[in-house]
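Kindly produce the complete structure, drawing on both the sequences and the hints.
Protein chains: 2
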Amino acid sequence: MSEENDLLKAFRNTGYKLGGNGPRTIQVLNKAFSEVDDATESDFYGNGKLIEDFQKKMADFLGKESAVFFPSGVMAQQIALRIWCDRKGIKTVAYHPTCHLEIHENGGLKELHHIRPLLLADKDRLIQLQDITNLKEDISCLLLELPQREIGGQLPDYGELMRISAYCRENGIRLHLDGARLFEVLPYYQKSAAEICGLFDSVYVSFYKGIGGIAGAILAGDTDFTEESKVWKRRYGGDLISLYPYIISSDYYFDRRIGKMAQYYEEAKEFAGFFNSCHGVLTLPEVPVSNMFHVYINVPEEKLRPLLIDFYQSTDIGLTGYLKKTDNGGCSFETNIGDLYEGVSDDKIRSAFRILDQMLLKVI
Amino acid sequence: MSEENDLLKAFRNTGYKLGGNGPRTIQVLNKAFSEVDDATESDFYGNGKLIEDFQKKMADFLGKESAVFFPSGVMAQQIALRIWCDRKGIKTVAYHPTCHLEIHENGGLKELHHIRPLLLADKDRLIQLQDITNLKEDISCLLLELPQREIGGQLPDYGELMRISAYCRENGIRLHLDGARLFEVLPYYQKSAAEICGLFDSVYVSFYKGIGGIAGAILAGDTDFTEESKVWKRRYGGDLISLYPYIISSDYYFDRRIGKMAQYYEEAKEFAGFFNSCHGVLTLPEVPVSNMFHVYINVPEEKLRPLLIDFYQSTDIGLTGYLKKTDNGGCSFETNIGDLYEGVSDDKIRSAFRILDQMLLKVI
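These protein sequence lines map, in sequence, to chains A and B. Numbered per my numbering, the first sequence spans residues 1 to 364. Numbered per my numbering, the second sequence spans residues 1 to 364.
By construction, these hints were calculated from the structure, which means they are not laboratory data. Just so it is clear, the structure is predicted and the values come from calculations on it, not from any experiment. Do not rely on the hints blindly, as some may be mistaken.
Identical chains blur together in the list; that is why a pair holds if it fits in one copy or across any two.
[Stated by the list, open to error] Pairs of lysine to aspartate or glutamate, EDC-like flavour, derived with a Cα cap of 20 angstroms: (1) K362 to E228; (2) K49 to D6; (3) K269 to E150; (4) K191 to E150; (5) K31 to E102; (6) K110 to D86; (7) K88 to E195; (8) K57 to D224; (9) K91 to D124; (10) K325 to E302; (11) K230 to D60; (12) K88 to D138; (13) K362 to D60; (14) K31 to E41; (15) K91 to E111; (16) K325 to E170; (17) K9 to E41; (18) K230 to E102; (19) K123 to E266; (20) K57 to E41; (21) K123 to E302; (22) K123 to E227.
Structure, rendered in structure tokens:
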């Protein structure tokens, strides 16, 4: 077994994991389905009460005219950008260098649509209004990701967001929201989803991040936009005869967790505080603005890996199952607060972090 | 309520439907999941025991080196054709005029890949070797659908299939199998899936036709082909974090129904015989070669609709919930034999068809 697997194995064996909602086993599905009548009819190629009700519910929540359920955000977002490009007749869009479409989709946007993305800002900071006003060429659409996941889940302040939105409207640039973790930032902004989505022409949200469902996404906007997205959904092979396994579970966990986002946010700030109290550890952002953040530990991987395994075995507390090497010789990992954090006592967490700090002091 | 809904409603209210496996309710999922351990781990972006085991099982069954699970056949088949076009550097393929890619996918192949299809044969007959040898231009791939669904589920004889395969191999044309209903034709051909698939370079099969699962597809071929298909699966947004709702149900119903295909085939021949014994009714094919066939009734829709409603109400037997108008002023519909047919006694069916024939005689 590789050392990497050792860390994951030790992490899995801990009794108290501080991030997430628990293991992705099929009990996630069974729990959601235990409350639904066996005779409930499947959706049928995008039609039927089951899918239409959920789409309506999410359109209302997001304050949009209409919403379409997609198997994945990858599909939903490429389609959104394609529609905006077709409308304007310009196959150029702009987004952050760490945008999901740029780094996690094998170039689908380029390969399937020949859409050229301009990368705004740089990979270590958020897009600002100035990045957009400085653009030397016309674009059809700007994609903003709230929060910007790959830099720890950072957010622009709301005033900046409003200024970007206003500028895009004045200049005929469609604004698309990658809201994979939108629900998770509502407590920080102290805004409703509808208020934030009102700044955007189209919105994607996901049901397996903070909501903790199985998979699935919603794309929302005006009805003419969502109707066009359904044409593309079929072209992509996303218009499945039955999407109900994802719809029922998305709905179930949405209802159960949408009201917990403020709790996750508060717990994330506390959790980050514990990390930042340790020598050689910093979180990004220092104070989280959602349920997520990145942890940077200034210890080389070959030392940190056995240290964490030791920590897991002695405290029964799990922090992460993987480590990423950073450019300056340390390590980083991502964490998200879900249901598990509340199940571990404050004392237990506090004493574990004291132990972690002692262990880190020996290797720094 | 429209007349169309009246027919569907009357059909749904019948106690004995002769086609299909029963209603597409969520009990289809619950039944499949009732036998799986809650602690079973989800697949994870195409990896993990759950998806890998099923892919291996299907690769073995189809006699191919490797197989990839896809959310849909639409996605799987477009990707297969794209790969073969890229390999040869020619963006032209050939298929039947009623090919799924041509009539049910909103032009996805053209819109997403700019692949040009040549339509072989004509919409009322099967593709023959001569249609291919007569081609005036080079193609990368020929797609054959077995059985050809839109013309009632017809099949070429096996010798013709072997000649087409040999010709394609000799001439550098890749042969792709649209095997949406491949399992259903094995009893007619008296061949294993592996023998038939051996004639093709790539193969797609579906799990919600004869198998009666929820959704999902397998694309199989050589490993270099399937590995390339995974790159495209991610580009399409088909590489979901969890596909297990479809995998577990596909596997469950595959095991339960793959051995019943011969029974369905025999029952389909009997069922078609009953239809053909009625005045003004013909089936296509006259003798089915799978579990499916089309029924043509030489009665105008406005007369047939109330007749069928009357028939359903007086016999409690359901035949179809919809009618399609034909060019010559009659009607047609499709039927597929599944688990339901065996649940209705021969006497009941026989006497129902005598009643149907009497009713038809009055309007012809």
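- 20 angstroms Cα threshold - placement of E170 relative to K325: Cα proximity of K325 and E170: none, with 43 angstroms in one copy and 51 angstroms across.
- Query: At most 20 angstroms between C-alpha atoms: does K88 with D138 qualify within a copy, between copies, both, or neither?
  - Reply: within (10 angstroms within a copy, 36 angstroms between copies)
- Between copies, within a copy, both or neither: which fits K49 and D6 at Cα up to 20 angstroms? This pair counts as between: shortest inter-copy Cα distance 19 angstroms, intra-copy 47 angstroms.
- Message: Please sort K88 with E195 into within, between, both or neither, judging by C-alpha distance up to 20 angstroms.
- Response: neither (26 angstroms within a copy, 51 angstroms between copies)
- Message: Checking an output row: K110 and D86, CA cutoff 20 angstroms. Within, between, both or neither?
- Response: Answer is both; intra-copy 14 angstroms and inter-copy 16 angstroms each pass.
- Message: My question is about K123 and E266: at a cut-off of 20 angstroms on alpha-carbon distance, are they close within one copy, between copies, both, or neither?
- Response: Close neither inside one copy (27 angstroms) nor across copies (63 angstroms); limit 20 angstroms.
- Query: Is it within a copy, between copies, both, or neither that the alpha carbon of K230 lies no farther than 20 angstroms from that of E102?
  - Reply: So K230 and E102 pass the 20 angstroms test across copies only (18 angstroms; inside, 23 angstroms).
- Given a CA cutoff of 20 angstroms, do K57 and E41 count as a within-copy pair, a between-copy pair, both, or neither? Answer is within: at 18 angstroms inside a copy they meet the 20 angstroms cutoff, but 30 angstroms across does not.
- Are the CA atoms of K123 and E302 at most 20 angstroms apart within a copy, between copies, both, or neither? Close neither inside one copy (26 angstroms) nor across copies (65 angstroms); limit 20 angstroms.
- Message: At most 20 angstroms between CA atoms: does that hold for K191 and E150 within a copy, between copies, both, or neither?
- Response: Cα proximity of K191 and E150: none, with 23 angstroms in one copy and 52 angstroms across.
- K31 and E102: within-copy, between-copy, both or neither at 20 angstroms Cα: neither (35 angstroms within a copy, 40 angstroms between copies)
- Task: Since the copies are identical, ignore which copy is meant and state whether K91 and E111 lie within 20 angstroms (CA to CA) inside a copy, between copies, both or neither.
- Result: both (13 angstroms within a copy, 14 angstroms between copies)
Hint compliance for this structure: hints 1, 4, 5, 7, 9, 13, 16, 19, 21 and 22 are not met, and every other hint is.
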